[in-house]
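As you go down the protein sequences, you meet chains A and B in turn.
Per our numbering, the first sequence starts with residue 1, numbered consecutively.
Per our numbering, the second sequence starts with residue 1, numbered consecutively.
Hints in this document: simulated from the structure, not taken from any laboratory.
A hint or two may mislead.
Not everything, but these chain B residues come out facing chain A in the computed CB check (under 10 Å) [what the hints assert, rightly or not]:
| hint | residue |
| --- | --- |
| 1 | Y3 |
| 2 | A160 |
| 3 | L162 |
| 4 | G230 |
| 5 | C247 |
| 6 | F256 |
| 7 | R257 |
| 8 | P277 |
| 9 | F287 |
Yeah, the Cβ is synthetic: ideal placement off N, Cα and C, and Gly gets one too.
Next come the chains, spelled out residue by residue.
Protein chains: 2
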Amino acid sequence: MNYYLGVDLGGTNIAAGVVDEDYNILAKGSMPTFTGRPTEEIIKDMFDLSKKVAEEAGIPLSKFTSWGIGMPSYVNPKNHLLVHANNLGWINLPIYDFLKKHTDLPIYIENDANCAALGETLAGAARDYNHAIMLTLGTGVGGGIILNKRIFSGCDLMGAELGHTKLVFNGINCTCGQKGCLESYCSATALIRQSQERLRNNPDSLIWDMCGRNLASIDGKMVFDASRMGDITAKNLVEQYIEYLSCGISTFVTIFRPEIIILGGGLVGAGQVLFEPLNLKIHENTFAASEIGVPRIVKAELGNDAGIIGAALLEKHTEKR
Amino acid sequence: MNYYLGVDLGGTNIAAGVVDEDYNILAKGSMPTFTGRPTEEIIKDMFDLSKKVAEEAGIPLSKFTSWGIGMPSYVNPKNHLLVHANNLGWINLPIYDFLKKHTDLPIYIENDANCAALGETLAGAARDYNHAIMLTLGTGVGGGIILNKRIFSGCDLMGAELGHTKLVFNGINCTCGQKGCLESYCSATALIRQSQERLRNNPDSLIWDMCGRNLASIDGKMVFDASRMGDITAKNLVEQYIEYLSCGISTFVTIFRPEIIILGGGLVGAGQVLFEPLNLKIHENTFAASEIGVPRIVKAELGNDAGIIGAALLEKHTEKR
Numbered sequence: 001m002n003y004y005l006g007v008d009l010g011g012t013n014i015a016a017g018v019v020d021e022d023y024n025i026l027a028k029g030s031m032p033t034f035t036g037r038p039t040e041e042i043i044k045d046m047f048d049l050s051k052k053v054a055e056e057a058g059i060p061l062s063k064f065t066s067w068g069i070g071m072p073s074y075v076n077p078k079n080h081l082l083v084h085a086n087n088l089g090w091i092n093l094p095i096y097d098f099l100k101k102h103t104d105l106p107i108y109i110e111n112d113a114n115c116a117a118l119g120e121t122l123a124g125a126a127r128d129y130n131h132a133i134m135l136t137l138g139t140g141v142g143g144g145i146i147l148n149k150r151i152f153s154g155c156d157l158m159g160a161e162l163g164h165t166k167l168v169f170n171g172i173n174c175t176c177g178q179k180g181c182l183e184s185y186c187s188a189t190a191l192i193r194q195s196q197e198r199l200r201n202n203p204d205s206l207i208w209d210m211c212g213r214n215l216a217s218i219d220g221k222m223v224f225d226a227s228r229m230g231d232i233t234a235k236n237l238v239e240q241y242i243e244y245l246s247c248g249i250s251t252f253v254t255i256f257r258p259e260i261i262i263l264g265g266g267l268v269g270a271g272q273v274l275f276e277p278l279n280l281k282i283h284e285n286t287f288a289a290s291e292i293g294v295p296r297i298v299k300a301e302l303g304n305d306a307g308i309i310g311a312a313l314l315e316k317h318t319e320k321r
Numbered sequence: 001m002n003y004y005l006g007v008d009l010g011g012t013n014i015a016a017g018v019v020d021e022d023y024n025i026l027a028k029g030s031m032p033t034f035t036g037r038p039t040e041e042i043i044k045d046m047f048d049l050s051k052k053v054a055e056e057a058g059i060p061l062s063k064f065t066s067w068g069i070g071m072p073s074y075v076n077p078k079n080h081l082l083v084h085a086n087n088l089g090w091i092n093l094p095i096y097d098f099l100k101k102h103t104d105l106p107i108y109i110e111n112d113a114n115c116a117a118l119g120e121t122l123a124g125a126a127r128d129y130n131h132a133i134m135l136t137l138g139t140g141v142g143g144g145i146i147l148n149k150r151i152f153s154g155c156d157l158m159g160a161e162l163g164h165t166k167l168v169f170n171g172i173n174c175t176c177g178q179k180g181c182l183e184s185y186c187s188a189t190a191l192i193r194q195s196q197e198r199l200r201n202n203p204d205s206l207i208w209d210m211c212g213r214n215l216a217s218i219d220g221k222m223v224f225d226a227s228r229m230g231d232i233t234a235k236n237l238v239e240q241y242i243e244y245l246s247c248g249i250s251t252f253v254t255i256f257r258p259e260i261i262i263l264g265g266g267l268v269g270a271g272q273v274l275f276e277p278l279n280l281k282i283h284e285n286t287f288a289a290s291e292i293g294v295p296r297i298v299k300a301e302l303g304n305d306a307g308i309i310g311a312a313l314l315e316k317h318t319e320k321r
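The following block holds chain A by itself, in its conformation from the complex:
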């Protein structure tokens, strides 16, 4: 049996786990990232946490095949620098040099959304498929493309940024500096913004009660809950959101024709009130859907474990180029 160490480094938490070759997590743990600290400290905590979970699993570090790390950025394959991890404040960071100080294990680094997509395709919602696309609908929209059970991250290994493809021509400003990105219409943040805008003209909506009449307290769950309860404003919001999301996904289907689409992130807790109309709309809004079908859109199954499993297994499932 081969064992893999995986770390999911986020702006809020560091998670680490020991994963075996059958994708079982044998031990895992997490701790706050405390961003703003010196880079060395964060990296040391990533290693110490990895060591701790390895000890819990009773496997000596030397027995691991590799140390895989998911983080919210990309390593530029030309100069081996981490391009830009916005929420960590890291720009052009010689990340491998920092990591190698702690271990001789082979190190693999990937974008965290790609790791989650890989985890779900190995052990989660897409375990029975070879080709999947995953979108994570959270503060932003993360995207991961899996072809033949391997991460596809573009020709230069820094692409596949599905959240920053264009959805609305000449649309609203995205945090990335571009206009009309999928992320600025389909993230949880975007749904909240859309709700706040619409509630101003709809004083009778149930959402007002749910958020304690405080627009700043709205979350995605309230919108979907109110829609399920028959609230017209919420229904319209959900309908518009699904129109955006289905059009965004349709572009990826038209290009990739994956076997399955996985959605993760906070919003997918909405369940059928999201997935049922979305699966109808993707059929309606996709080129040649009647002739060649469209993939099913399903909910992610592994939660935060997806990122750990995907990071751990990078050694086996990275596209060679």
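Position chain B relative to chain A; hints supplied.
Just chain B now, kept in the frame of chain A:
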């Protein structure tokens, strides 16, 4: 030396050529397709034309490695039927059965836009690159994605329909039945439509003289020519067209990060008045362009030969899946 027979079947013409393993066309020919005829007749003409060019090249049919064919559709790998060749009126056609009646050579069929992209990547504008995306701006917008010098046509081999990705959310109707497709804003047909609309309110535009005051006679060349001559209406049209096209391309760059983008089709004859501002705009309109750059957008070099070369070499350059 290995030799390959290639056919490019279009709604207007059938072209065939003998290609060697160094991508030289040793002989080629073409004839009208005369659509509307019985399928058997068109297929027989494809074979007869192939046989004729083989004879011209002095190579017996039995010496060819394969017979590769580009056509405006896809073969469904599940049932081996040609899905839908609109301008030939073929739907769910058992195309291999028809072709096999004429030869025992291994037969390869691909979408014509994919073949053109492959041809340009082997022997044309992208010969020095491994990863390229090509768009053909004609009556419609064809797209081809080349990864590692092989055609990428999606997980089910029927994807990569770049012309039918969404460019304008809730946009105008496309011929495919969808709304807001890239094709309905960036084809030559679309530029002509945009010009006709704008000319109605701009009686002083030079384009009026160029088209003999007949809106139905406008073509893309007139618009670019008038722009080059300083006509304001034409300049605005070109500017708007480049805005559409750059946003469409930016989505493909954000996903694939190819090494180069190739544009083919009638419109690219415009030359620098198209390519210079387009190369600036793609930088402006693409996610993370400053951090990781954007590929250069260049003009296709091979014209119709690209489709013949790509079709001929399918045997060596099809993605195995």
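Hint-by-hint comparison with the structure:
This hint is violated: Y3 of chain B has a C-beta 31 Å from the nearest C-beta of chain A, more than the 10 Å allowed. Of the supplied interface hints, the one on A160 of chain B holds, with its beta-carbon coming within about 6 Å of a beta-carbon of chain A, less than 10 Å. Interface restraint check: L162 of chain B against chain A, minimum CB-CB distance 7 Å, threshold 10 Å, status holds. With a cut of 10 Å, the hint placing G230 of chain B at the interface with chain A is violated, because the nearest CB-to-CB distance is about 26 Å.
Restraint check, C247 of chain B versus chain A: the minimum CB separation of about 5 Å is within 10 Å; hint holds. Below 10 Å, beta-carbon pairs count as interface contacts, and F256 of chain B has one with chain A at about 5 Å; its hint therefore holds. For R257 of chain B, the suggested interface contact is upheld, since its CB lies about 4 Å from the closest CB of chain A, less than 10 Å. This hint is violated: P277 of chain B has a C-beta 17 Å from the nearest C-beta of chain A, more than the 10 Å allowed.
At a threshold of 10 Å, the smallest CB-CB gap from F287 of chain B to chain A is about 4 Å, leaving the interface hint in force.
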